[in-house]
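S.K.: Listed below, chain by chain, are the residues.
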Amino acid sequence: MIKNILNLGDAALYCDFGKEINRETNTQVIRYFKSIQKENIVSINNLSPSYNKLIISFDLKKTNFKDLKKLIENLDITNEDDLENKKIEVPVCCDENFALDIVRLENKLNLKREKIYENFFSKEFFCYMTGFIAGMPFLGDLSKNMRAKRLETPRVRVPKGSVALTEQFANIYTFESPGGWNVIGNSPLRIFDSSKEESPNLINPGDIVLFKEISKNQYENYNE
Amino acid sequence: MSKNYFQVIRAGIHTTFQDEGRKNLYHVGIPFSGAMDKRNYLLSNKLVGNKINSPVLEFAYQGPLLKYFGNKINIAITGDVNFRIKKRDITIDGNCYQSLNLEDGDEVDILSTNKSVYGYLAIGGQIDLKYQWSSCSINTKASIGANDGKKFENEQVINILKLNNQSVEKKLNYINTKIENIRIIKGTNFDYFSDKGKNIFLEKVFIVSKLTDRMGMRLEGPKIENVIDTNIKSEGLIKGVIQVPADGNPIVMLSDHGTIGGYPKIGVVISADYDKLVQLSPGSKIKFKQVDLSSAENLFKLYDLETQNLISQIE
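As you go down the protein sequences, you meet chains D and A in turn.
Heads up: take any position in the first sequence, counting from 1, add 98, and you land on this note's numbering.
Heads up: take any position in the second sequence, counting from 1, add 3, and you land on this note's numbering.
Here chain D stands alone, though its shape is the one from the complex:
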């Protein structure tokens, strides 16, 4: 359930589902997201579900914070559609040229790189949300000893395909982009395809992701 609705600027609702980040809270967020989406409310421009928040941005010419808040609070939220769980394997090459922040991570986590990769590749990840850049999946959860903060100053350019960690999460940079996560490798897999307007994302909220290590040679000859 939504704990609290605040305004984010003058044209968005900031719905808080509680502090805890876990699959239950996230499932609640996704249920609200899907229910609101079904309503086709014309004044709504965008819905951004995340781990434990839902941001609803709207057209200030058509409604305002107070009116839309009331409308959202009075919506019937269905509990029916359970999330589908697809399983997806993502190949990752951890060559030194790709693992831009592995030294930083070794220092921050006080772990040798072999151990970092062992922990990473043995984990099954859950997709909480997609975004930041088109199709980027936010995957959890890393074990406690694998959690590091973002870079102090975000990179202006993180290479396309970079696989990166921050806090309890992993993600994949679907495009070259600015970003502050700790990069540990690179995947040749196409995660976002704009020619598929109906479902451009390979990985969607609720999906399970497994990473598989590949060599530089396999990376260079990778063929979907």
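There may be inaccurate statements among the hints.
Said to hold, decoys possible - Calculated cross-link-like contacts (lysine-lysine; reagent style DSS-like; alpha-carbon spacing at most 25 Å):
#1 D:K159 - A:K54
#2 D:K294 - A:K26
#3 A:K90 - A:K70
#4 D:K160 - D:K136
#5 A:K236 - D:K242
No lab work stands behind these hints: they were computed from the structure.
All figures in this text were calculated on a predicted structure; none of them were measured in a lab.
With chain D held as given, fit chain A onto it using these hints.
M.R.: Same frame as chain D, but now just chain A:
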């Protein structure tokens, strides 16, 4: 090749097609995009008799040099733009907010935006463009929209499928005003910052950095100190949000922004000031001033009314 077309002789620094942008895709990770300065975008379309939400050319700093081939066509440029029209035997300085006719062989040379960033060129007619998710707006970071999602390149061609009938020249008396004070509403993480940090944010002058593009505006100035946590759990963003990463330098999210972010939100630029904000070029001074939600809503109503008035003055 169609009968009526423009040849791009010089592409300019960052020239793209833009319209109103695309909705309801934040959850996929696709931002709104669309024309950065919406007022100037709408006015350019109205001046050439297009539907108000038609695609136009948006350029930044130095614009394109275009050569036209075909039947007489109507164009208009808005913003604060220096440009020239080269006809067979004369070159004339162009005026913004005034539509004009081009004939076969004429050239439009957009030299620069004057102490601002974005300008708009509307073409009276229907441009041959690819739409993705109901919009042709080019998002170069995700390679989405018309022109294969890429900014203009030299030698490319802009095909015109249909010309408008309008040949009368339309004009508007309007001068873009520059503002230094940008009004904001407190962000959802305002209390993450020390009292000193909050004061710096609301009292001090910041400078627009060179690392500014359609995604975001980076600011330089005194550091804003965070006393709670320099990271938050990643969550949605909207345009106008001001995030402060650990280095204490604020970043304002602009129309092609990432849809999710993990830095604390100290404030959000009000909707009424967004068009003016994006026109602040690198090196410009900027000061944030706090207002409450109801003032922000009223200021937007006024701004929108003013835009509608300007549009209705063009007949």
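S.K.: The structure should be examined with respect to each hint, and the outcome stated for every one.
M.R.: Hints, verified against the model:
no., hint, result
1, D:K159 - A:K54, "19 Å, holds"
2, D:K294 - A:K26, "17 Å, holds"
3, A:K90 - A:K70, "10 Å, holds"
4, D:K160 - D:K136, "19 Å, holds"
5, A:K236 - D:K242, "16 Å, holds"
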